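Asks: Just so you know, the protein sequences line up as chains A and B, in that order. Add 6 to a position in the first sequence, counting from 1, and you land on the number used in the numbering used here. Add 2 to a position in the second sequence, counting from 1, and you land on the number used in the numbering used here.
No lab work stands behind these hints, which were simulated from the structure alone. All values derive from a computational prediction rather than experimental measurement. Among the hints, a few may not be true.
[Unchecked claim] Just a few of them, taken from the derived set where beta-carbon distance is under 10 Å, the chain B residues facing chain A:
hint : residue
1    : E24
2    : E35
3    : S80
[To be verified] Each pair of labels, with its calculated beta carbon distance range:
hint : chain 1 : residue 1 : chain 2 : residue 2 : range
4    : B       : K185      : A       : E71       : 45 to 53 Å
5    : B       : T5        : A       : T69       : 18 to 26 Å
6    : B       : R39       : A       : T69       : 20 to 28 Å
7    : B       : G34       : A       : G40       : 26 to 34 Å
For glycine and all other residues, C-beta sits at the position ideal for the given N, C-alpha and C.
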Amino acid sequence: MLGEFEYLMITAAAGLGDQAYGAAIREEIERTTGRKCSIGALYTTIERLEKKGLLTTWMGEATAERGGRAKRMVRVTPKGVKAAKDFYDVVIRVSRGASWVANRTGSTS
Amino acid sequence: MTTISWSFVEVAARLLEGDDREAVLGDLLETGEIGLRGLFDVFGLAVRRQLALWKDWRPWLASCGMALPGSLLLMGFSLSVSQTYQRLIHPTIFKATGLTVGPGFTLLLCNVFLLIAWSWTGGFVMGSISRRTVRVSAVLSFLPCMFCLARFRVESLSRFCLLLFLLPAIWGVCRGLQIAQIKLRSALILAAGITLLTIPTWMSKGSWIPNWALSWPAWYLVAMAWKGEALKERERWRTN
Chain A
7 MLGEFEYLMI TAAAGLGDQA YGAAIREEIE RTTGRKCSIG ALYTTIERLE KKGLLTTWMG
67 EATAERGGRA KRMVRVTPKG VKAAKDFYDV VIRVSRGASW VANRTGSTS
Chain B
3 MTTISWSFVE VAARLLEGDD REAVLGDLLE TGEIGLRGLF DVFGLAVRRQ LALWKDWRPW
63 LASCGMALPG SLLLMGFSLS VSQTYQRLIH PTIFKATGLT VGPGFTLLLC NVFLLIAWSW
123 TGGFVMGSIS RRTVRVSAVL SFLPCMFCLA RFRVESLSRF CLLLFLLPAI WGVCRGLQIA
183 QIKLRSALIL AAGITLLTIP TWMSKGSWIP NWALSWPAWY LVAMAWKGEA LKERERWRTN
């Protein structure tokens, strides 16, 4: 099963689609979680997920704003999509009945 | 100030490998993190990358199984060869008899060959077994050298006699970094040669431990070359 940060990474990359690369994924994670994401954590997780076959990466285009340096592009594989969906299902299942979930849905169960 | 801090980041990024360096420096420029945080980020990634390598057994074998004990033993053997040389090849011998040398000359020659072969194979294995941690292995092999050089107290010999093994070892490391393995035939000749040259020391008690500690890299090369040949053979069968 995925770890929390791995799930965030896959979800952010999937959301960014063709624009998923190191800096964009990092910005997305920091924006949505409100937490700092170090480059070390980002790239070691990308490599780990790639080894597991959940992501594929390749060196993309270089842009002027990057000082002519290439981007490391990221794409989520079908196996990665399944792993993220499994993780999400588990979170939903395990959260049923939790007070914060009940409050959010308005249920009193 | 910004230029200076970016220069530090670029220097630190040399710890990373090509694609990593390219992507990370680009990301930092794009997000404008070119100060201290960028520097910490680069160091953080370099440390994580290095630590990840040590989850495997190869870096441990290269550093703790080869570099550290190997350099200690080879320093001892370098000293022994130097002392034998000093004892046998005295200048007066040449003065009196021209090319006539002492009876132990063959032994000295064997020991010189053995020193070169042990150093080269040790260096080769150190370089080829774990290329990305070779810097750590190099530091681990230099530490005992520095310690022994500082405490060397033999008046008749230069302290650099301890480092006779260094040149062939560095040559071996360089070759190990260039090519992952040598041919089976060459590996077998090397291993058999080393084993034959150690025969004279088999009679002396306690010498088998340093002998095998320095000889295993040669037989490791044989095993790796044999494995490589077997894989090639299997591949050939599959394609035919």
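Asks: Does the structure break any of the earlier hints, and which numbers would those be?
Replies: 3, 7
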